[in-house]
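Novice: The lines below spell out each chain.
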Amino acid sequence: MSMRHFIKFGKPYLHTRSLLRGKYGLQTCTHVAKSTGVQPTSDGNNFIGIPHNCVTKLEFLEPKMENTIPVYQVLDSDGKIIDETQDPKLSDEILLKMYKDMKMLNIMDGIMYSAQRQGRISFYMTNYGEEATHIGSAAALEMRDLVFAQYREAGVLMWRGFRLDQFMDQCYANINDPASGKQMPVHYGSKDLNFVTISSPLATQMPQAAGAAYALKRTNPGTCVICYFGEGAASEGDAHAAFNFAATLDAPCIFFCRNNGYAISTPAHEQYRGDGIASRGSGYGMLTIRVDGNDTLAVYNATRKARQIALEESRPVLIEAMTYRVGDHSTSDDSSTYRTTGELEYWTKTNNPVTRFERYITNQRNCWSAEEDEKLSKDCSKQVIEAFTAAEKRLKPSPSLVFTDVYDELPVNLKEQQKQMREHVSAHSQHYPLKRHEPL
Amino acid sequence: KYNNVLKYLFHVYITYLPSYMLQMYVRDALNSAMDEEMNRDNTVFLMGEEVAQYDGAYKVSRGLWRKYGDQRVIDTPITESGFAGMAVGAAMAGLKPICEFMTFNFSMQAIDHVINSAAKSHYMSGGMVTVPVVFRGPNGAAAGVAAQHSQCFAAWYGHCPGLKVVSPFNSEDCRGLLKAAIRDTNPVVVLENELMYGTAFPVSDEAMSEDFLIEIGKAKVERVGKHVTLVSHSRPVGQCLEAAEQLASEGIDCEVINLRSIRPLDIETVQQSVMKTNHLISVEGGWPMFGIGSEVCAQIMEGPAFDYLDAPAIRVTGADIPMPYAQVLEDGALPGVKDIVLSVKKTLHIQPMTDTA
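Taken in sequence, the protein lines are chains A and B. Reading the first sequence from the start, the letters are residues 1 to 440 in the numbering used here. Reading the second sequence from the start, the letters are residues 1 to 357 in the numbering used here.
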């Protein structure tokens, strides 16, 4: 026997390329299916993966568009609790923090949007109309829970303690931006606050969230993941994969869909034919609930319960929060071209999450008043303008940082280029706006 | 306990064998690399289609599921974009996933995650987000699997900053590079070759140690020569060595460089060689345009070796067509030993003996 057959591990294995003839070709499988589904019985009346009962009537399942999945609500439009048993009875302190964060978010959005229009920053996205989805859900989580967001969840960061200067520094891409100006505005990230840096391609955060939840289940039990996404992003293939993975891997992940009616100019009724995103949950074997996304307490209750289930039963939960995008998609969009002012007015004035919550705390809980409200608006504006002015004045990052963080260590070629850049710029400093930057 | 005794006796036995006798299949080199790294660090885990109970579509993960169980070897549903994204998420949250693509052709369905989620994240987050993931699987042409199963992705992935890309040739390369890739905190693409899985190579004692690592970004001179430099990666390295043997009998002495890594590209080793031989030929299985050879030539031209070239560099590549199915056409679409020999003679201005070198 030739020495070619002498190897360290196992029996000599002969090359059998015919074993797998292409991905969809014939496979010779000799293994038995894993016992996670129903086992075939001797009379063959069960199928692998699903139990079934046979019928003799030829009937197609009709998607139930008359009886859509109901919307869970706690506060009515006047901010009154509808069913007392559903009142989470939060402390005044928490309620006031919730409200103040919502107001601050609104005011920050207003000023930063104007800043973009004046050419001070290149890009911005507002959060108007979706404040309850951010604050209600963020308040229901623990700080250690990992957040994967899409891009319209600044309120979650605000709740967790991201300061005004931190928001501004990222938008202005100055020396205080921990990402050293390497991401576009509103693509926030914070390691300390367990908020993964926003990534532009839609829905990519979804399978990442499923994977992270799987990892945390093993390394850090008691911690869950929340993944925010829009109803438009839910059309991406990644969304399907994320739902399927989280379910099959028993990952403790809350999938929180902000169904805000529009994906840029595409209205929800053109985005899907079925009953929203909630109708898809059961298809993946996930627990699902649809909530009034403009009702802060409903969002809070649902998220709190979802977190408990996700961790106790190690399974994903889908929450579809029905809300409305009051602002434009971004500063590159003009929504007046595709929606009516009447529609906009309803959602701005009549069904506004901030107003509903304000009515609750003022009239129901008596911990707020109109005077305090006015004072708060003034305070918030003052703080935002101070932060914004300081951020604008701050230096931009050192040009040397252009080359760092491609890898964990600076590779040889980039080190050379960085050196060449420094030498060149130092020699011709009068031609470069070095005063605006931290030193080379 | 019985296994330990056997292992001891085995080690005693092989210690007294001349080391050139120890042969290892490429498949087992990859398997042992993963096994050792999974044993050493329990945050390392393997995921992909058919990797668990089926032992891997090409049996590369044979035995791993039986040894490590459901938590460490995971069969994924059939969605490359999904499981690549999931691997990235798991890496972001502290695990070290090895994400297997059944072939890199299917990685195209996941390429957004490899590039936008893995490669760019460290940079775009200013270093806050690290993604220590390994994407591995067979790359390039197999045999008789046609266009959608035969593309080489070395140039595609080699193009992107933020990724490291390696392309091992023999068993030692596979062990050292895969282990280094798993221990690297950057995202690494490991381009294996299906046709090499069943090939055995001698491996040194050093390569059998559990901490054997090959530095990513360092090429190896497989054969020292003085007349011409042949630069290659993966399976074509073997073809270059064969061509070198053939040419040696005609008095032509080839230096064969095994790149081992595509990104970072070790151009210094190539430069040193060209400055000695004055002739350069790159050999790859991928398509000619914008390929590995293109990059080698461009970098040689930009560096000190340019002045030492006695002739323009030649690129030997696959034909500029989607891979045909019929065997005679497939054979014609890929570089062979005769093409390498012809190129050497062309650059050295030696008359070929026949039309086919």
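In case anyone wonders, no lab produced these hints; they're calculated from the structure. Among the clues, some could well be false.
To be verified - In silico DMTMM-like pairs for lysine to aspartate or glutamate, Cα to Cα no more than 20 angstroms straight-line:
id, chain 1, residue 1, chain 2, residue 2
1, B, Lys218, B, Asp184
2, A, Lys435, A, Glu416
3, A, Lys97, A, Glu142
4, A, Lys419, A, Asp408
5, A, Lys378, A, Glu142
6, B, Lys226, B, Glu268
7, A, Lys415, B, Asp320
8, A, Lys415, B, Glu268
9, B, Lys220, B, Glu250
10, B, Lys218, A, Asp379
11, A, Lys415, B, Asp266
12, A, Lys382, A, Asp165
13, A, Lys100, A, Glu409
14, A, Lys305, A, Asp250
15, A, Lys419, B, Glu302
16, B, Lys218, B, Glu206
17, B, Lys218, A, Asp165
18, B, Lys346, B, Asp310
19, A, Lys100, A, Asp408
20, A, Lys415, B, Glu206
21, A, Lys375, A, Glu142
22, B, Lys226, B, Glu215
23, B, Lys346, B, Asp266
24, B, Lys218, A, Glu423
Novice: Determine for every hint whether it applies to the structure shown.
Specialist: Checked hints:
The hinted pair formed by Lys218/B and Asp184/B meets the criterion: a straight-line CA distance of about 15 angstroms does not exceed 20 angstroms. Between Lys435/A and Glu416/A the alpha-carbon distance is near 24 angstroms, which puts this suggested pair outside the 20 angstroms criterion. As the CA atoms of Lys97/A and Glu142/A are separated by approximately 16 angstroms, the hinted pair is consistent with the 20 angstroms bound. Only pairs whose Cα atoms come within 20 angstroms are accepted, and Lys419/A paired with Asp408/A is accepted, the gap being roughly 18 angstroms.
A hinted pair counts as satisfied when its Cα atoms are at most 20 angstroms apart, and Lys378/A with Glu142/A does not qualify at roughly 31 angstroms. For a cut-off of 20 angstroms, the pair hint linking Lys226/B to Glu268/B stands: about 17 angstroms separates their Cα positions. For the suggested pair Lys415/A and Asp320/B, the alpha carbons sit about 36 angstroms apart, so the restraint of at most 20 angstroms is broken. Straight-line distance between C-alpha atoms of Lys415/A and Glu268/B comes to about 16 angstroms, which keeps the hinted pair within the 20 angstroms bound.
For the hint linking Lys220/B to Glu250/B, the alpha-carbon distance of about 25 angstroms lies beyond 20 angstroms, and the restraint is violated. Straight-line distance between C-alpha atoms of Lys218/B and Asp379/A comes to about 60 angstroms, which puts the hinted pair past the 20 angstroms bound. Distance restraint check for Lys415/A and Asp266/B: the Cα-Cα separation of roughly 15 angstroms lies within the 20 angstroms cut-off, and the hinted pair is therefore satisfied. A distance of roughly 13 angstroms separates the Cα atoms of Lys382/A and Asp165/A; the hinted pair therefore holds under the 20 angstroms criterion.
Restraint check: the Cα-Cα separation between Lys100/A and Glu409/A comes to about 42 angstroms, which exceeds 20 angstroms; the hinted pair is violated. Between the alpha carbons of Lys305/A and Asp250/A the distance comes to roughly 17 angstroms, so the proposed pair stays at or under 20 angstroms and holds. Between the alpha carbons of Lys419/A and Glu302/B the distance comes to roughly 18 angstroms, so the proposed pair stays at or under 20 angstroms and holds. Of the supplied pair hints, the one linking Lys218/B and Glu206/B holds, its CA atoms being roughly 18 angstroms apart against a limit of 20 angstroms.
Note on Lys218/B and Asp165/A: the hinted pairing is violated, with a Cα-Cα distance of about 45 angstroms set against a maximum of 20 angstroms. The hinted pair formed by Lys346/B and Asp310/B meets the criterion: a straight-line CA distance of about 12 angstroms does not exceed 20 angstroms. The hinted pair formed by Lys100/A and Asp408/A fails the criterion: a straight-line CA distance of about 40 angstroms is larger than 20 angstroms. Distance hint between Lys415/A and Glu206/B is unfulfilled; the C-alpha atoms sit about 32 angstroms from each other, more than 20 angstroms.
Proximity of Lys375/A to Glu142/A is assessed by CA-CA distance (about 30 angstroms); at most 20 angstroms being required, the pair is judged violated. Between Lys226/B and Glu215/B, the direct Cα distance comes to roughly 26 angstroms. Violation of the 20 angstroms bound is thereby established for this hinted pair. Annotation: proposed proximity of Lys346/B to Asp266/B is violated, straight-line Cα distance about 26 angstroms (limit 20 angstroms). Among the hinted pairs, Lys218/B with Glu423/A is inconsistent with the structure: their alpha-carbon atoms are about 28 angstroms apart, more than 20 angstroms.
Hint compliance for this structure: hints 2, 5, 7, 9, 10, 13, 17, 19, 20, 21, 22, 23 and 24 are not met, and every other hint is.
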